[in-house]
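In case you want the letters, here they are:
Number of protein chains: 4
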Amino acid sequence: MKIVLAYSGGLDTTATLARYREEGHEVVAVYVDVGQPGDLGEVRNRAVKAGACAIEIVDCRANFADEFLAPALAANAMYEGRYPLVSALSRPAIAKAMADVALAHGADAAAHGCTGKGNDQVRFEVSLRALIPELTVLAPIRDWELSRDAALELLEATGVEIDITKRSPYSIDENIWGRACECGVLENPWEQPPADAYEWTNDPAAAPAVPMETIVGFENGLPVTLDGRHLSFLEILSALNELGGRYGTGRIDMVENRLVGIKSREVYECPGALALILAHQDLESLVLERDLAKEKARLEIRWAEIVYNGLWHSPLREALDTFFASSQQGLDGEVRLSFSPGCCTVTGRRSPVSLYDESLATYSESDSFDHTDARGFVRLWGLPVAQAAASRSAARAASKVLA
Amino acid sequence: MKIVLAYSGGLDTTATLARYREEGHEVVAVYVDVGQPGDLGEVRNRAVKAGACAIEIVDCRANFADEFLAPALAANAMYEGRYPLVSALSRPAIAKAMADVALAHGADAAAHGCTGKGNDQVRFEVSLRALIPELTVLAPIRDWELSRDAALELLEATGVEIDITKRSPYSIDENIWGRACECGVLENPWEQPPADAYEWTNDPAAAPAVPMETIVGFENGLPVTLDGRHLSFLEILSALNELGGRYGTGRIDMVENRLVGIKSREVYECPGALALILAHQDLESLVLERDLAKEKARLEIRWAEIVYNGLWHSPLREALDTFFASSQQGLDGEVRLSFSPGCCTVTGRRSPVSLYDESLATYSESDSFDHTDARGFVRLWGLPVAQAAASRSAARAASKVLA
Amino acid sequence: MKIVLAYSGGLDTTATLARYREEGHEVVAVYVDVGQPGDLGEVRNRAVKAGACAIEIVDCRANFADEFLAPALAANAMYEGRYPLVSALSRPAIAKAMADVALAHGADAAAHGCTGKGNDQVRFEVSLRALIPELTVLAPIRDWELSRDAALELLEATGVEIDITKRSPYSIDENIWGRACECGVLENPWEQPPADAYEWTNDPAAAPAVPMETIVGFENGLPVTLDGRHLSFLEILSALNELGGRYGTGRIDMVENRLVGIKSREVYECPGALALILAHQDLESLVLERDLAKEKARLEIRWAEIVYNGLWHSPLREALDTFFASSQQGLDGEVRLSFSPGCCTVTGRRSPVSLYDESLATYSESDSFDHTDARGFVRLWGLPVAQAAASRSAARAASKVLA
Amino acid sequence: MKIVLAYSGGLDTTATLARYREEGHEVVAVYVDVGQPGDLGEVRNRAVKAGACAIEIVDCRANFADEFLAPALAANAMYEGRYPLVSALSRPAIAKAMADVALAHGADAAAHGCTGKGNDQVRFEVSLRALIPELTVLAPIRDWELSRDAALELLEATGVEIDITKRSPYSIDENIWGRACECGVLENPWEQPPADAYEWTNDPAAAPAVPMETIVGFENGLPVTLDGRHLSFLEILSALNELGGRYGTGRIDMVENRLVGIKSREVYECPGALALILAHQDLESLVLERDLAKEKARLEIRWAEIVYNGLWHSPLREALDTFFASSQQGLDGEVRLSFSPGCCTVTGRRSPVSLYDESLATYSESDSFDHTDARGFVRLWGLPVAQAAASRSAARAASKVLA
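Protein chains in written order, with the numbering used here: chain A, 1 to 403; chain B, 1 to 403; chain C, 1 to 403; chain D, 1 to 403.
Just chain A, same shape as in the assembly (with noise of 0.2 Å):
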């Protein structure tokens, strides 16, 4: 069998791509650069020594921000709330990179590295089998139950070094919209973050004490300029996680329920992307007609559930984006933000599109608003409820004289 295998360097995949070599297997090894850390001569390297047929070394970022980034930010993507969908975002643009690699090489199968207890297998698996119907989708991290000694057995007998003592104490995931960290001392959500689970952001009380303001521009809806400069989605996004960074904000502290039914407490580092979406929201506030804004809020919801929920390559999520694609046009403006010690704040934002009218909303002498206007609307908007109460009132009257 021919196996397109998502290869990430580590120890896990390294055993896994043994494996199949020693299964008798072809093996293609994909390496997706989503923004992870990485040496890609060693990932290289590696996969080389572990018996790869072939490797290929995808760079994924620009596609990442403008496929996968872009509509998040269209759609304000948070899970529950709180959580940008750092890994749910990746995953689906690794899948499709997977997917690309097993065409051109006519792979039978793909094979990813991830457990039985997390949502990424979810999202890889419904990802590769939406993509190409009769690929065949392996987990062998989760289905060969591979013990940490037989990996390393493995590892020893393709001459791959990997020093495990160097190993985090937490299970990290990164790419450019952000950074997982679980595991270790967090598995116990009563125990504050210690100081070494956070990478991306400084500590808050060692921050810059003065603040900063940068104003982002956006166009439909995207963002494309920082501070009057020209950038790609990319480009303002790195930058905004560099300022975000260094000011302490972006963290995220959560319990959150994953698809397969438990509950996990997890601690992100999202400077870029939080800031992106706070500024995002912000000019919809001014900009999107209240029904819209209202319904979109909703879906926004749904959004971040399904491609949590490993459903990125779906026809609803199609769908959705139509609809936020339909909200985004013409959506122009300008947002400044202000960053200070762990936190960024929108401090004034502007339209030429704008919905807020000054002399609508002022209360000084030139207003345009028609006072009179308000009591008939009153009367109307409140009538259903005040004729229910009217019923009840009624019918307890009528109670009482029977009594």
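Certain hints may be false.
Identical copies go unnamed one by one, so any copy, or any two together, can satisfy a pair.
In silico DMTMM-like pairs for lysine to aspartate or glutamate, Cα to Cα no more than 25 Å straight-line [to be verified]:
1) K294 with E80
2) K400 with D100
3) K400 with D332
4) K294 with D321
5) K400 with D357
FYI, nobody ran anything at the bench for these hints, they're computed from the structure.
Fit chains B, C and D to the known structure of chain A by using the hints.
Frame of chain A; chains B, C and D shown alone:
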């Protein structure tokens, strides 16, 4: 006509009182204390001078906390995701007090002092009509379009003196749940709120540098202890208002959609309310079953909308409250909050009824999760999407054959 | 002022035309044909006699079907689950025609003939304001409170003769999507609608005893064939109106919530609309992926609400339509309808892109479903509820120990 | 191990009983009567022969009606808008009875006889785990993959005789809420259900020609009278099953989405359930306040989903039921149903707490609605959309100037 008037002691309602008196009506002035600043002796004095036949001063704070704020906390109520409904909650509480006074005095009508452009007129009128269907509801400020000069003239006739030179450049509303500030320079949403827009909260730059922790204890979803001391809701809220205010937390600067169809820019200070909601939501993340949590989140949005829109005294709010009450049963636990300059964050949560199960969540060897369950789960979870993809893929293949 | 008037040829709009003329305005009478009965020669004649400076007769039927009814079908639009939005759909279509005429004639204002109590005033006014923001919108019937006698007097002066003795005891509105009937004896919701309330549909007792089948073919969610013949939407609708009418199907008797806050009892006849929606929904049950179908069902309710509430020409309707359009791509297939007295039912459905897979669904031996997948699925699906139950059970046990 | 087995008296569960016995387990056979046909003497006889250590026959009908069907009626429960949850409601009721027996007998495990492809396995397992967290739940039919021959062989050994030649070509499930029929020729969704798929209902062509009316009286949302006679829920349901069955109403033919990810074609007969839901919904249209009604409609969909998906014994269902209970308080009134061949329709509704107010709704002269209120209402209602349109129009104009 005997009229119950919502009396603030300020220019507008004093002038209104005087004019009703002039028109031959009997006026019962009602001053409802929901925690706003005010000199009650002075208030009483002015009402009498302006010709009130009676003045009722109702200390509504505890009742406001227990009957209005506690349900709001159960609902994690935030209009448009950000505004904890400061005035929106006090209006129906004040209306309830007015209705009680109206019944006690056998009044024919109730009058409020709102203009025609805000949400408060709706909140008062719908509440009053729902509470006493046969009461006439009056909105003199809106319907008379009383000019400032005319108001001053009426005032002069009463002998009441109000120093209008000390008037705030903003329009302010305050109660124990928070402080709302609008108008003046804030009417330009691009302008950063000036320092004088804030009164309850320090500038974060001037906040104590050393963070401070406090532990909020909950029973059945209600805060009952602070650092182990048993306190009332009102006491805990006050303590958190003070603490958060000191650290400069709880500031909100937003553009919101008013019910009357316009967008307005508002600045709020709600250190205690935001801290309580944050802690409460976090405890829920540990204790609430997943599907219940997700549906509750959707209903919270609806609750905030209808209360914002003046429908507190409505059958829908009552029905939603039974849902929330059901969700809060047995919701016990503790949340550790950390206050640092500008930031209030959760650093730990625990509960005797936590659904977080370390033995399920852990990646360590004591794992009690059956990984083989995941295989079938993933396959069936993704089956509809896989079938949709296969069907599309087959349709594409068929159309290629035809072409 | 040059006023475009929505002209029906009836008493009220003819009197309105005459009065505008008397007041010195130029009136362009617009008669929009959406399928209602009417003698166009007579309409033209009356408008001229009443003093119109121009009369525009717009045959909007095909456009109404394609631009308004087709989206309604995609949305399976049923207000409060029952009413297919007969008048709610024609109003924005008529408003669009009026706006086009207003632009062509350079009009200053547009006037409609609705009263202050129904939904149609909202639909006209919001649509007209959205289409031409600078146009003045007039509601003479509502705002003048013109008495019947005054209207007759105005009419007399124009020389137009309208036989008001032939007037229906009901208030009727008709277009190709259905017929609405209200008022008269129908105002008592306990009274059964009398036979004369119906005009399009036979009494089921008088319908042909022998059932009749017809097959509707769909492409991209739109009906394109009837029993294999290629026909336009309008032709298919007309044929189903005729067929359903003959069999006495499509009658609706309901109490609905109007936007203006009151409940009203309405009787509708919509044989074609209901047959098309029934067939369309059934085809969707075969073809739409589950999560997409469920979300679509929720959005259908919202679509029907906003269109009922006059917000056709709104950004939210546009955004929802992109969602629905996405869901309709490739929605091809056939549905067999059976008409019998009073009943229209589906007796079969098939599609080249059906997601129904007999080899998965079957209980026979050719089963391709892996039953072992279910074990893990069920365990993880139920895990959150099982944990919640275990937690409660433990809490109960603990409290018993304490007691 | 002591196992409580859901025992139907049929081939599969008798063979299961025998095999458990063979394996050395003690089996308590539980037969729960929810209204399905069955010879209790024969059932008892077979269980004993097959080796049950005890047989418990539980007449659950009244409890099923009051504790499961009454909440379903309050929720107007219809999965995917059409299926009133026949089996989905009986499973948790049966599970509850099994749990009671398990507690009484001190059982270690509970076993159900469902396959791996339907929804019922989920309903049983989640319910049992929720009711008794420490109970082991077994699904022998699914997990053993017992062949038909093996089952017959096991049966033979017990001495039980089951005439499998009389077996239905369909898979049937019945209880007082309706009858479900699947498999056989029905597995082709294009085929019309043959006459023998129906058992409770006449072919409409064979129904009495003369329509018949009946009046259902409700108190607090529950049916309490039929044509004025006070009857239990169960009695009213039975009477309507009989009446509707005679007129050939209550047939449903649909393709539905199963929880396990596949679509299935199902035929149901639910004359009584559909008549009650129809009448109940209609009464609600007269009595429920608008916003409550709209939110309730959304929650009804969710209720039906979770109950369909096996989550009856869940915190979310409990919370939703409190919402519905709140909505049903004081929901009194009468609905007149008319049965004619194939049709059950409402021809009138009335209530002492009706919110329909003829004096507001009428177009006659006794009108008490203030038409001038509408002017302001319409303007403010449409303001956000008008502003959005004006903003777009200005943007278009500006871009033309630039071009």
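How the hints compare with the structure:
no. : hint           : in the structure
1   : K294 with E80  : both (17 Å within a copy, 8 Å between copies)
2   : K400 with D100 : between (76 Å within a copy, 20 Å between copies)
3   : K400 with D332 : between (61 Å within a copy, 17 Å between copies)
4   : K294 with D321 : both (16 Å within a copy, 16 Å between copies)
5   : K400 with D357 : between (52 Å within a copy, 23 Å between copies)
Checked against the numbered hints given earlier, this structure breaks none of them.
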